[in-house]
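Undergrad: Take a look at the letters that make up each chain.
2 protein chains.
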Amino acid sequence: MKIDFKTAMHRLMDAEDVLILTHANPDGDTLGGAFALALALRQRGKRARVLCADGVPERYAFLEIPPEDDFTERYIISVDVADRTLLGKAVEESYGDRVDLAIDHHGMLRLFARESYVEPDSASACEIVYLLLLSMNTRITKDIADRLYAGVSTDTGCFCYSNVTARTHRIAADLLDRGADVAGINVLMFETKKPGFLQLEQQVLQGMQLFENGRISLLTITRAMLEETGCRDEEIDPIVALSRQVEGVRIGITFKERPDGSWKVSVRTHEGVDAAQLCAQFGGGGHKRAAGCQFDGDKDAAAQRMLQAARLLLD
Amino acid sequence: MKIDFKTAMHRLMDAEDVLILTHANPDGDTLGGAFALALALRQRGKRARVLCADGVPERYAFLEIPPEDDFTERYIISVDVADRTLLGKAVEESYGDRVDLAIDHHGMLRLFARESYVEPDSASACEIVYLLLLSMNTRITKDIADRLYAGVSTDTGCFCYSNVTARTHRIAADLLDRGADVAGINVLMFETKKPGFLQLEQQVLQGMQLFENGRISLLTITRAMLEETGCRDEEIDPIVALSRQVEGVRIGITFKERPDGSWKVSVRTHEGVDAAQLCAQFGGGGHKRAAGCQFDGDKDAAAQRMLQAARLLLD
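From first to last, the protein sequence lines are chains S and H.
Letter by letter, the first sequence follows residues 1 to 315 in the working numbering.
Letter by letter, the second sequence follows residues 1 to 315 in the working numbering.
Derived by calculation from the structure, the hints in this document are not laboratory data.
Check before you lean on any hint, since a few could be wrong.
It does not matter which identical chain is meant; a pair holds if it fits inside one copy or across any two.
Below 30 Å or equal to it, Euclidean Cα-Cα: the simulated DSS-like pairs (lysine-lysine) are [unchecked claim]:
1) K264 to K299
2) K193 to K264
3) K142 to K288
4) K142 to K46
5) K194 to K264
6) K299 to K89
7) K46 to K89
8) K193 to K288
9) K299 to K193
None of these values were measured; they are calculated from a predicted model.
The whole structure should be built from the sequences, with the hints applied where relevant.
TA: Written out as structure tokens, the structure is:
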């Protein structure tokens, strides 16, 4: 069931021996929010640790905190996880039906936790975590500020996307006042491109297909391309973002091949086209401007279905 | 001479029939600040118009305001202009020695105006204009907020760069509250890439040279490349930014050929390397992380000189 802000705050204050789960294929928002929450709970004298099915990618290593000594979890929280399947297979099997509190900002959340605190209008999960921590009188240390800032910055494309609100900027201002290393974090997250990434970007752009007078773009990233350029799955977000940055494109669709041969599809849209609505038709979901779904088997057939649905959405 | 904030405010309040000058090859900060200031002066019942040597580029057309009927200027202000030569030749000839007030945020400003109000620590000229307008009790309308936001966003790489302060975010929050269309503006300024631009980006990256174990990058943009891809000079900023985004690069140097065959050199650096100091050795200037200079004649010889100076700076 959904709970309100105050109840969520009390749950955090009462929780003991807390396990915090992120979503698989983690980004700065789920990791930043989880580690910031763990630090805040430890500040209150509690034990807390973070678990991510895929581990922490290299580019987010700076968000990690020393793990607690082993303890048996008595309260389980997920941060930025819209659906239990997004926990990743191993984590879902162990904890999928045991989550006590989900803290999330996804509009299409299928409630899987015992209790959920959801703010669909929040640009990032970290904004919600920030407000919860403040309400608990947490001292927002530089370490906590860095992690929350990383999350806010990640999910807003560094304050560029349409989900940014005045609140987002006010929270960022406060995090900077508390010492968040904005330059260092953004250089790591947004301004560092490996030579292999630039190669991959070029390959993907060369294969870009445009449809409906350039209003729909289709990008494809195969395993072979990832292997040739030495890029990892979690590094392709900026290419996905590129899919809608081409002038005239309203819907950007990126097909990425998974190691098992299935396809992860990411959709990015501009104002007036609901990406979540498009992906929901194929069992996926997400936000209005950024959503995803998946397909097994033949890519061309899947692309045709996506394109057809995208065309209908444009009309 | 330099004047303080309060004096600058009084100058603006007393000014009549105001001509506002931007720098040539204009960006969102100089245009946003100039047009916002013009709107604010008109709100006070004054006449004001904006003059830019190069006109307003297409991507910034949304910042323009209806021109005033002709009037003879009695007070001349420059916004975001660090040196009179940056006004552009025609404007400099007519007005270079007649500027009454320069409002700027460049550290190495060579004072050319009768009076200058300079805040070198301000991330953008628009932050200064915002504070001046507030102090004059200007009603920050949506139109003014849009223009100031565009400037703040431009000069901070959408809040990504190390020049961002808590003040920057607080000002952005207030501008959003006053109706600034953050999504629309950022889509136009940061998220729209013409197919020709993507082509140019690829060509430039293919020619990228790395020196000093990859700590210095050198990009070259020729007239032929601009013509082939249909890109204009004012569109290359994201490529210049790319020069320091390659992993390991500390100093990114971009040589861009001008129509007259001379070379405009843009330098972008990471923490610990002063771009302005590097460019000052060749008669240029700018900020710590972003600066420029120019060379006539042979590009290779100029590149050698730049590289040598850059190497010394790294050591």
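Undergrad: Quick one: K264 to K299, C-alpha cut-off 30 Å, is that within a copy, between copies, both, or neither?
TA: within (10 Å within a copy, 46 Å between copies)
Undergrad: Using 30 Å as the alpha-carbon threshold, which applies to K299 and K193: within, between, both, or neither?
TA: Classified as both: same-chain Cα gap 28 Å, cross-chain 27 Å, threshold 30 Å.
Undergrad: From the Cα coordinates, with 30 Å as the cut-off, is the pair K194 and K264 best called within, between, both, or neither?
TA: both (23 Å within a copy, 27 Å between copies)
Undergrad: Reference check for the pair K193 and K264, CA-CA at most 30 Å: within, between, both, or neither?
TA: both (23 Å within a copy, 25 Å between copies)
Undergrad: Between the shortest in-copy and the shortest cross-copy C-alpha distance, which are at most 30 Å for K142 and K46: within, between, both, or neither?
TA: within (19 Å within a copy, 47 Å between copies)
Undergrad: My question is about K142 and K288: at a cut-off of 30 Å on alpha-carbon distance, are they close within one copy, between copies, both, or neither?
TA: This pair counts as between: shortest inter-copy Cα distance 25 Å, intra-copy 32 Å.
Undergrad: When no copy is named, should K46 and K89 be tagged within, between, both, or neither for a Cα gap of at most 30 Å?
TA: The answer is within: 28 Å in one copy meets 30 Å, while 67 Å across copies does not.
Undergrad: Up to 30 Å between alpha-carbons, please classify K193 paired with K288: within, between, both or neither.
TA: Answer is both: 27 Å inside a copy and 21 Å across each meet the 30 Å cutoff.
Undergrad: Taking 30 Å as the upper bound on the Cα-Cα distance, should K299 and K89 be classified as within, between, both, or neither?
TA: Only inside one copy: K299 and K89 sit 23 Å apart there, 56 Å across copies, limit 30 Å.
In the structure shown, no violation is registered for any of the earlier numbered hints.
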